[in-house]
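Peer 1: Sequence:
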Amino acid sequence: MSEKTALSPGPASRVPTGITTGDLARRLGVSPTTVRSWDRRYGIGPAVRLDGTHRRWAPGDVAVLEEMCRLTAAGTPPAEAARAARASGGTPPPRPPVAAAAPAPGDVRREYRGVVHAAARLDGPALEALLAGAVAAYGAAAAWEDVMVPALHAVGRTWESSGDLCVEVEHLLSWHVSTALRRAPGSERRGPGAPVLLACVPAERHTLPLEALAAGLAERGLPLRMFGAAVPAEALDAAVRRTGPAAVTLWSQTRSTADHALAGHVAATGFGLRGARTAPLVLLAGPGWAGRNPPPGAVRPAGLREALELLTQRCGARSEDA
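Position 40 of the sequence shown, counted from 1, bears residue number 98 in the numbering used here, the numbering being contiguous throughout.
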């Protein structure tokens, strides 16, 4: 074999570099059909095509598609997102700092759509960024009521209509919602004084609404103790007697879990010095408590914001008494 023949390029050396559409779709968390559709509709395509039809995506092409996904996850219409992704070459612009403000309806819709789309793609990094941004921009209460709850409901409806096909979407979204609420700013500035105890009743395991309340209290600098799901009655009684809380919030998602006897017992639990004993204010939070009057010493807030106001007033009054 001559040197010229030995050094001649073979078929393998002529194969273009880059990843296939299927590999790219798996990397982005979308379907190959979506990638091809974006190429046809918006010109977000690869620089190299094998035999004129088979797409091969180079690193620069991948970066543009990743920016396209980031923008659509944030609620940007696809055509506008495609133009911005092509113009940026796949490099996202720096995000300016956002000041806390009441969410405008259009902003909320964009945030909500972005969260739902990111959850459907199983895009954990996008979910983390979107939810953290909503909490930072609007506060925990508004982010919970206007972005997180609608997104959870939308994903839940999809799960119900498709059997178990979307259960992984709901689990991923719930985990990131919980993470965003626990990272809400304010925990480092909680003041002294009698805390607010937060607990699910013994048969209740839905904690996200209680975590939203905890995040709202933390933003206000109020002391709290979170006990989470399915707290046994004996453990709750011991915690009340040991901490002398200003208030106790009991969460019940359904009527089957609401424990009215336990609520009455907690509301009647006294602590403190003889002659100056006091009892906590009990908040019956959640739809499970509907249909019956609260026992003496307990109230049923209409929602998260009302619960925050009641607890803020209660903690302020206890601080003055102390």
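Worth flagging that the hints you see were computed from the coordinates, not collected in a lab. Everything numeric in this text was worked out from a predicted model, so none of it was measured. Glycine included, C-beta positions come from ideal geometry on N, C-alpha and C. Wrong hints could be hidden among the right ones.
[Stated by the list, open to error] Simulated restraints on C-beta separations:
#1 Ser146 / Arg215: 33 to 43 Å
#2 Arg358 / Ala293: 42 to 52 Å
#3 Thr216 / Thr336: 41 to 51 Å
#4 Gly328 / Ala293: 43 to 53 Å
#5 Gly101 / Arg283: 52 to 62 Å
#6 Arg85 / Pro354: 58 to 68 Å
Peer 1: So, for every hint listed, does it hold in this structure?
Peer 2: Structure-based check of all given hints:
Checking the proposed 33 to 43 Å range against Ser146 and Arg215 shows it holds: the Cβ atoms sit about 35 Å from each other. Look at Arg358 against Ala293: about 23 Å separates their beta carbons, and that is not inside 42 to 52 Å. For Thr216 paired with Thr336, a C-beta distance near 48 Å keeps the hint of 41 to 51 Å intact. Between Gly328 and Ala293 the Cβ separation comes to about 19 Å, which falls outside the hinted range of 43 to 53 Å.
Judged by the Cβ atoms, the range 52 to 62 Å given for Gly101 and Arg283 holds: they are separated by roughly 56 Å. At roughly 60 Å, the beta-carbon separation of Arg85 and Pro354 lies within the given 58 to 68 Å, and the hint holds.
Figure legend: structure checked against the earlier numbered hints; hints not met, in rising order: 2, 4.
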